[in-house]
Amino acid sequence: MKTLGLIGGTSWYSTLEYYKLINEMVAEELGSQTNPELIIYSINIEIMRSQDWDRINEKYLEVSKKLEAAGAEGILICANTPHKVYNFVQPKISIPILHIARSTGRAAEDQSLTTLGLLGNRPTMTLGYIPEILKNEYGIETLIPDNEGSINKSHYFVSKELTRGQFTEKAREFYREQIDKLRSRGAEGIILGCTELPILLADEQSDIPLLPTTDLHARMAADFILGTGVWE
Numbered sequence: 001m002k003t004l005g006l007i008g009g010t011s012w013y014s015t016l017e018y019y020k021l022i023n024e025m026v027a028e029e030l031g032s033q034t035n036p037e038l039i040i041y042s043i044n045i046e047i048m049r050s051q052d053w054d055r056i057n058e059k060y061l062e063v064s065k066k067l068e069a070a071g072a073e074g075i076l077i078c079a080n081t082p083h084k085v086y087n088f089v090q091p092k093i094s095i096p097i098l099h100i101a102r103s104t105g106r107a108a109e110d111q112s113l114t115t116l117g118l119l120g121n122r123p124t125m126t127l128g129y130i131p132e133i134l135k136n137e138y139g140i141e142t143l144i145p146d147n148e149g150s151i152n153k154s155h156y157f158v159s160k161e162l163t164r165g166q167f168t169e170k171a172r173e174f175y176r177e178q179i180d181k182l183r184s185r186g187a188e189g190i191i192l193g194c195t196e197l198p199i200l201l202a203d204e205q206s207d208i209p210l211l212p213t214t215d216l217h218a219r220m221a222a223d224f225i226l227g228t229g230v231w232e
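The numbering of the sequence shown is this note's numbering, which starts it at 1 and goes up by one.
Be careful, since some hints might not be right.
[Claimed, not checked] Within a straight-line C-alpha distance of at most 16 Å, the following computed EDC-like cross-link-like pairs (lysine to aspartate or glutamate) qualify:
| id | residue 1 | residue 2 |
| --- | --- | --- |
| 1 | Lys135 | Glu188 |
| 2 | Lys2 | Asp54 |
| 3 | Lys153 | Glu177 |
| 4 | Lys181 | Asp215 |
| 5 | Lys153 | Glu173 |
| 6 | Lys160 | Glu46 |
| 7 | Lys59 | Glu37 |
| 8 | Lys92 | Glu68 |
| 9 | Lys84 | Glu58 |
| 10 | Lys170 | Asp146 |
| 11 | Lys2 | Glu46 |
| 12 | Lys181 | Asp146 |
| 13 | Lys20 | Glu46 |
| 14 | Lys20 | Asp207 |
| 15 | Lys84 | Glu37 |
| 16 | Lys153 | Glu141 |
| 17 | Lys92 | Glu58 |
| 18 | Lys2 | Glu29 |
| 19 | Lys181 | Glu148 |
| 20 | Lys92 | Glu62 |
| 21 | Lys59 | Glu46 |
| 22 | Lys92 | Glu73 |
Keep in mind the hints are simulated off the structure, nothing from the lab.
Make the full structure from the sequences, and use the hints.
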């Protein structure tokens, strides 16, 4: 098995879910008597709240180099938003970063989905680094909420509640409404583009496919560890 470095802490609630899922997925293949070698570096989420991307880039580069030096053969960034650092960090290290958008794109391809709604915080929805990969590598169009109020409200729920471990019925109702609105605009599936959203909506039944990025990214990680599937 390959050794994987995880950059977590954004938030630690979803980092726990990543750790659990990766171990479970590896155990499904190899049995419960073994488990993967994982190196976890948990950063302080306050650096993400600063939105100082020069500082964030340098922090993720520093951590990635530490994980590589510690023996990691690949890196998993355990959240959607920090993937904005990918183009800055990846050329400066010699091990691969397993990109969350590629795990989402493959899942959409498998279901023949060509237009996806994207829900998450403001950077994930508006800065383009997730939709760009989906469009350029998979031909998938991405829709986000079409008014500033909904974008602001989604950002509020992610940054002020979900990443702080608060999962409320008010937030669930908001995201149910957003899923319906995106579907009415042509979305064939919905990217749960905050790694806490699958926790919030864990028991939801929907007549439109929901793409839980945490689960999909964890599967990519397990494939990398086991040397199976496609992870690049």
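So, going through the hints one by one against the coordinates:
1. The suggested pairing of lysine 135 with glutamate 188 holds, with an alpha-carbon distance near 15 Å, which does not exceed 16 Å.
2. In summary, the hint linking lysine 2 to aspartate 54 is not supported, as the alpha carbons are separated by about 31 Å, beyond the 16 Å threshold.
3. Under the criterion of a C-alpha separation no larger than 16 Å, the hint pairing lysine 153 with glutamate 177 is consistent with the structure, at around 12 Å.
4. Restraint check: the Cα-Cα separation between lysine 181 and aspartate 215 comes to about 24 Å, which exceeds 16 Å; the hinted pair is violated.
5. For the given pair, lysine 153 sits about 12 Å from glutamate 173 by alpha-carbon distance, which is consistent with the 16 Å threshold.
6. Pair hint lysine 160 plus glutamate 46 holds up; C-alpha atoms about 12 Å apart against a cutoff of 16 Å.
7. Of the supplied pair hints, the one linking lysine 59 and glutamate 37 is violated, its CA atoms being roughly 23 Å apart against a limit of 16 Å.
8. With a C-alpha separation of about 11 Å, the suggested pair lysine 92 and glutamate 68 falls inside the 16 Å cut-off, and the hint holds.
9. Straight-line distance between C-alpha atoms of lysine 84 and glutamate 58 comes to about 12 Å, which keeps the hinted pair within the 16 Å bound.
10. As the CA atoms of lysine 170 and aspartate 146 are separated by approximately 20 Å, the hinted pair breaks the 16 Å bound.
11. Restraint check: the Cα-Cα separation between lysine 2 and glutamate 46 comes to about 31 Å, which exceeds 16 Å; the hinted pair is violated.
12. Restraint check for lysine 181 and aspartate 146: satisfied, since their Cα atoms lie roughly 9 Å apart, inside the 16 Å limit.
13. Note on lysine 20 and glutamate 46: the hinted pairing is violated, with a Cα-Cα distance of about 24 Å set against a maximum of 16 Å.
14. Between the alpha carbons of lysine 20 and aspartate 207 the distance comes to roughly 27 Å, so the proposed pair goes past 16 Å and is violated.
15. Our distance criterion of 16 Å between C-alpha atoms is broken by lysine 84 and glutamate 37, whose separation comes to about 26 Å.
16. Annotation: proposed proximity of lysine 153 to glutamate 141 is violated, straight-line Cα distance about 23 Å (limit 16 Å).
17. Of the supplied pair hints, the one linking lysine 92 and glutamate 58 holds, its CA atoms being roughly 11 Å apart against a limit of 16 Å.
18. For a cut-off of 16 Å, the pair hint linking lysine 2 to glutamate 29 stands: about 14 Å separates their Cα positions.
19. Proposed proximity of lysine 181 and glutamate 148 is supported: the alpha carbons are some 14 Å apart, at most 16 Å.
20. Restraint check for lysine 92 and glutamate 62: satisfied, since their Cα atoms lie roughly 10 Å apart, inside the 16 Å limit.
21. For the suggested pair lysine 59 and glutamate 46, the alpha carbons sit about 12 Å apart, so the restraint of at most 16 Å is met.
22. For the hint linking lysine 92 to glutamate 73, the alpha-carbon distance of about 15 Å falls within 16 Å, and the restraint holds.
Violation of the numbered hints given earlier is confined to hints 2, 4, 7, 10, 11, 13, 14, 15 and 16; the remaining hints are satisfied by the structure.
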